[in-house]
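**Q** What follows is the residue order along each chain.
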Amino acid sequence: MAETKTIKFHIRRYDPKKDKEPYFKTYDVPFQPGMVVLDALHYIRENYDPSLAWRYSCRMGVCGSCGMLINGSPTLACNTQVATLGGTEITIAPLPNFDIVKDLVPELSKMFEKHVAVSPFIVRDEKELDDEKGEYYQTEHQLEQYLQLTYCIRCGCCMAACPTLATDPDYLGPMPLSQAHRYNVDTRDGGRKTRNEKTGSSHGAFKCHFAGECSRVCPKGADPAKAIQHMKRQLVFDFLHLIKNQKPCEKQHGPGNEPKKDVPPAPPYTV
Amino acid sequence: MAEFTRFDNRLGILGWLGKGKWGLERYLYILHRLTGLAILFYFMMHIFVTSLRAYGIYLWTEGNFFHQPIFRIGEFLVFAAFAFHAFNGLRLVFVELGFAVGKPIEPIFPYETCISKQRPLLVVMMLLSAVLFAMGGYELIMALGR
Ligand code: SF4
Ligand code: SF4
Ligand code: FES
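Line order of the protein sequences matches chains S and Z.
Each residue of the first sequence is one higher than the one before, counting from 1 in our numbering.
Each residue of the second sequence is one higher than the one before, counting from 1 in our numbering.
Derived by calculation from the structure, the hints in this document are not laboratory data.
Since the model is a prediction, treat every value here as computed from it, not as a measurement.
Every residue, glycine too, gets a C-beta built ideally from N, C-alpha and C.
Check the hints yourself; a few may be wrong.
Claimed, not checked - Chain S regions said to be covered by chain Z (calculated; three or more residues, Cβ under 8 Å):
| id | region |
| --- | --- |
| 1 | 36 to 46 |
| 2 | 209 to 219 |
To be verified - Dumping the calculated DSBU-like pairs for lysine-lysine here, alpha-carbon to alpha-carbon at most 35 Å:
| id | chain 1 | residue 1 | chain 2 | residue 2 |
| --- | --- | --- | --- | --- |
| 3 | S | K133 | Z | K103 |
| 4 | Z | K117 | S | K260 |
| 5 | Z | K103 | S | K261 |
| 6 | S | K261 | Z | K117 |
| 7 | S | K247 | S | K110 |
| 8 | S | K207 | S | K193 |
| 9 | Z | K117 | S | K244 |
| 10 | Z | K103 | S | K198 |
| 11 | S | K261 | S | K198 |
| 12 | S | K193 | Z | K103 |
What the hints assert, rightly or not - Listed next, with one range per pair, are the computed distances between beta-carbon atoms:
| id | chain 1 | residue 1 | chain 2 | residue 2 | range |
| --- | --- | --- | --- | --- | --- |
| 13 | Z | A86 | S | D130 | 55 to 61 Å |
| 14 | Z | Y27 | S | D49 | 52 to 58 Å |
| 15 | S | F239 | Z | L77 | 52 to 58 Å |
| 16 | S | K193 | Z | L14 | 53 to 59 Å |
| 17 | Z | D8 | S | D49 | 37 to 43 Å |
| 18 | S | H10 | Z | R10 | 54 to 60 Å |
| 19 | Z | I105 | S | F24 | 52 to 58 Å |
| 20 | S | F24 | Z | R10 | 18 to 24 Å |
| 21 | Z | L24 | S | L147 | 25 to 31 Å |
| 22 | Z | F65 | S | F24 | 49 to 55 Å |
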């Protein structure tokens with residue numbers, strides 16, 4: 001029988017209770033065909049050190065929790081085949097540009113605060129909610145304007161790769177900016193002008209100088225750099241008043257979906 | 001509430017360099033910043049040196065301090081920095097206004113990103129700056145030979 005290949009995993013460890021500085025520790029893991037980096041981390045935890053900490057949930061590149069620096073590139077542990085990395089030594093570290101909570105666990109809350117700050121949701125007049133029979137129609141072209149950005153899983157790999165974030169911690173960063181753009185270009189949305197105040201600020205889109213790293217590492221192909229450049233054009237056009245104030249699209253009523261008549265008004269708030 | 005310690009893992013200026021794992025555009029990004037600073041430095045020195053003529057000091061004329069060959073080479077480097085900064089800057093103007101990065105598409109593996117879309121523009125701009133380098137280099141060799 002062929003001998004199983006052993007892979008050396010150099011893992012950056014850090015325990016805030018014990019260590020002043022992170023350090024590297026090496027573990028030997030037997031290679032299995034089809035093995036992803038996440039499997040190797042499980043092997044290490046089960047066979048060498050149950051205190052090794054990292055984040056994961058879905059195991060299939062959907063939840064966005066297992067982003068880490070694998071051989072120097074930010075990517076998903078569950079989505080990275082050990083075989084494709086080549087060689088017998090693999091280095092794993094937590095995502096840079098985020099504080100380290102423990103071992104491979106990055107503190108992502110700053111990224112999510114920036115995300116929330118750009119109103120990543122559809123902003124419009126709530127009165128329409130009462131029109132329950134109406135629907136928002138979009139053409140294929142209108143859908144395509146933002147579809148790519150809906151694939152983002154907020155893994156933070158782009159934030160770890162961005163050189164601007166490496167020196168400016170207040171820069172919004174590729175994920176929040178591209179997510180702001182995702183809603184700006186949605187025909188149902190009316191919040192672009194409000195978002196512009198954030199995205200056009202000194203820590204906003206114009207801090208991006210197109211190093212393109214975010215798009216290169218994005219495991220979902222969301223291409224945040226492209227969205228940010230398109231956003232800059234919109235910001236410039238908005239500043240020059242070249243975009244006519246487009247109102248968000250209105251609800252339509254297809255056949256058989258006519259608006260209800262004589263709907264009694266909602267009762268007043270009790271609290 | 002419990003105290004949490006976090007280790008600051010922000011890369012700082014060295015993060016611009018990465019670990020040699022990054023793409024071409026990132027190195028142009030660094031070079032663009034460095035050449036920008038170099039040109040600014042040159043510009044300030046230039047104003048200072050030429051303003052000395054108000055006191056009758058002409059450092060750049062025949063036989064004076066700035067007439068040494070080393071400053072000829074320096075002049076070429078400033079010119080090269082300018083040529084790179086100008087052409088790369090033109091690329092950035094196009095790209096950052098959302099041209100030459102492609103349209104929104106549905107991501108289908110293997111993903112194509114805006115980086116490959118703007119590559120041809122990058123190559124053309126770098127070729128144009130190479131032409132200027134060559135012209136400046138020719139001038140330099142001629143000047144040193146004199
Ligand atoms: S844009 Fe890509 S890399 Fe960035 S958070 Fe979303 S999925 Fe991750
Ligand atoms: S393109 Fe912009 S956001 Fe993306 S890595 Fe570069 S500087 Fe950062
Ligand atoms: S575990 Fe969910 S993305 Fe990797």
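**Q** That 55 to 61 Å hint for A86/Z and D130/S (C-beta), does it hold up?
**A** holds (57 Å)
**Q** Measure nothing beyond the straight line between the CA atoms of K103/Z and K261/S; if it is 35 Å or shorter, mark the hint as holding.
**A** violated (43 Å)
**Q** Tell me if the straight-line CA distance from K117/Z to K244/S falls inside 35 Å.
**A** holds (29 Å)
**Q** Given the hinted pair K133/S and K103/Z, is their Cα-Cα distance within 35 Å?
**A** holds (34 Å)
**Q** Could you tell me whether the CB distance from H10/S to R10/Z stays inside 54 to 60 Å?
**A** Violated: the Cβ-Cβ distance is about 22 Å, outside 54 to 60 Å.
**Q** Do the alpha carbons of K247/S and K110/S lie within 35 Å of each other, as the hint requires?
**A** holds (32 Å)
**Q** With the threshold set at 35 Å, check whether the alpha-carbon distance from K103/Z to K198/S stays at or below it.
**A** holds (24 Å)
**Q** Confirm or reject the claim that F239/S and L77/Z have a C-beta distance inside 52 to 58 Å.
**A** violated (37 Å)
**Q** Given a hinted range of 18 to 24 Å, is it respected by the beta-carbon distance of F24/S and R10/Z?
**A** holds (19 Å)
**Q** Between K261/S and K117/Z, does the CA-CA distance stay at or below 35 Å?
**A** violated (52 Å)
**Q** Between the region 36 to 46 of chain S and chain Z, see if three or more residues pass the 8 Å beta-carbon test, and mark the coverage as holds or violated.
**A** Not satisfied, violated; 0 residues make the cut.
**Q** Report holds or violated for chain Z covering the region 209 to 219 of chain S, Cβ cut-off 8 Å, minimum 3 residues.
**A** holds (count 8)
Hint check: violations occur at hints 1, 4, 5, 6, 11, 14, 15, 16, 17, 18, 19; the rest are consistent with the structure.
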